[in-house]
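Participant: Starting from the known structure of chain A, arrange chain B on it as the hints suggest.
Taken in order, these protein sequences are the chains called A and B. Per the numbering used here, residue 1 is the first one in the first sequence, and the count goes up by one each step. Per the numbering used here, residue 1001 is the first one in the second sequence, and the count goes up by one each step.
None of these hints come from the bench; they were simulated from the model. Take every hint as true, because none was put in to throw you off.
Derived coverage of chain A by chain B (criterion: at least 3 residues anywhere in the stretch with Cβ under 8 Å from a Cβ of chain B; other residues may be distant):
| no. | segment |
| --- | --- |
| 1 | 85 to 99 |
| 2 | 117 to 127 |
| 3 | 130 to 141 |
Label pairs and their computed distance ranges (CB to CB):
| no. | chain 1 | residue 1 | chain 2 | residue 2 | range |
| --- | --- | --- | --- | --- | --- |
| 4 | B | Thr1061 | A | Ser99 | 39 to 45 Å |
| 5 | B | Thr1085 | A | Glu234 | 44 to 50 Å |
| 6 | B | Glu1080 | A | Ser258 | 55 to 61 Å |
| 7 | B | Gly1054 | A | Arg95 | 33 to 39 Å |
No farther apart than 16 Å at their CA atoms in a straight line, the calculated lysine to aspartate or glutamate pairs in the EDC-like style are these:
| no. | chain 1 | residue 1 | chain 2 | residue 2 |
| --- | --- | --- | --- | --- |
| 8 | B | Lys1030 | A | Glu161 |
| 9 | B | Lys1030 | A | Asp162 |
| 10 | B | Lys1044 | B | Asp1057 |
| 11 | B | Lys1044 | B | Glu1021 |
| 12 | B | Lys1044 | B | Glu1008 |
| 13 | B | Lys1030 | A | Asp158 |
| 14 | B | Lys1044 | B | Glu1019 |
| 15 | B | Lys1030 | B | Asp1012 |
Computed from a predicted model, the values in this text were never measured in an experiment. Cβ atoms here follow ideal geometry from the backbone N, Cα and C, with glycine treated the same way.
Below are the chains, spelled out letter by letter.
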Amino acid sequence: MLLGFALTTHCNLRCPHCIRDDVVTVQSLEPELVIRTCDEARDIFGDVVVSFTGGEPTLHPGWDQITSALAERGIPYRLVTNGWHMRRMMPSFDRWPPSFVRVSLSGATRETHDTDRGRDSFRRVLLAVALLTSRRIPTALSIVIDRRDRHEVRLAADLAEDLGCLRLHYILPQPVPGSVARDSDLAPHEWASVRAEVDELAREPHRLTAIQLDYGAPARDGEPESACATMSSERVYVDANGRVSLCCQLSEYGFTTSDVVADLHEISFHDAWTTYVEAMAELRAKTAPSNVSGGLAAFPCMRCARALGKLDWLAQGRPSAWQAIAASAQQLGSL
Amino acid sequence: MSHPIRFEPSADVLVSHLEGEAILLHMGTKEYFRLNRVGAQVWKLLDGGSHPDGIVDQLVTTFEVSRSEATDAVGALLQELRNATLIREALA
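So here's chain A without its partners, still in its complex pose (with noise of 0.2 Å):
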């Protein structure tokens, strides 16, 4: 099982794609419930392997206290990072090495990534790499994709490459007030292009660098849609605020809790485990492809985010393609 923990929702960066409603307030989970969930989960699934998101998770002011914890278990962990903080970070690395980085871009040139992300990130990222890669620690880049850089799909593939990155993951981001305020989303009908597109870099034989389009994504043309590793319950999730979530990707997003499922401050994990399963069992034929119609039915993440009330904040932004296939959307049957 692997177990996210959105270890704080402190981050120095403002990207305007953020999923975070809320990325002022500063929230940060407590070193013992992160650990004492880490225990309990054991107890239910055997091994786990623990995913740090946030926010910006190198800021947790706890970050040693939890990795030396888990390193006393066993327990390999991995984090997504913007790269920024790698050389403060290094020390703690070297002492508890993760088993896995994932550093984020908002675009495959300085220009663009800069742009979002503020002077100098580019470089960064691009020393985080470097410095990751020095300590033999495997590491991947995830790239953002949307009108901005749609036309750096490539570049993304050339630059991981050339970096020695093991992975390259394309996310097509869900809208949000930041991306449809400025109109960065690429239409529902566009996602299908980049699909092709990562599809087609992904099969040139000389990339060693393993290329892969985050879920999300419509299904390809004859292929059935697979479950999310969510669904698959194989990932659960905890908030910075220690509650337990049917999904990190809807998580604190949409101005609504209906993905919050317990709260780990009030009951054991053991306890809102329970509850999860029904909980997501209930959302799984909510959100099943033939249970919803309308050009939503081929958005899995979006099919979940309107089934939990979280694209409800569409319809009072600007008008955009998202609004209008949300808006069309519909619920079938008496889920």
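Facilitator: Frame of chain A; chain B shown alone:
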């Protein structure tokens, strides 16, 4: 002295200094280089505008090696750095 030319880091190189080492990344080739404690010290001195003779002086003082050893080490490292286009001759 045997090092009449002054060198400076190439503009294409990113560097991150850690405890006792430095990691270099050549932006053009995307190749990484790892300098040990002595190499990292040499890089800092180069970046600060030191002439190779001055670098040798510093190494003799800091690492308690003979001038001959320091001269050979600096010469070899500068040659490696030049070959990898991590440094270039200083303009002035």
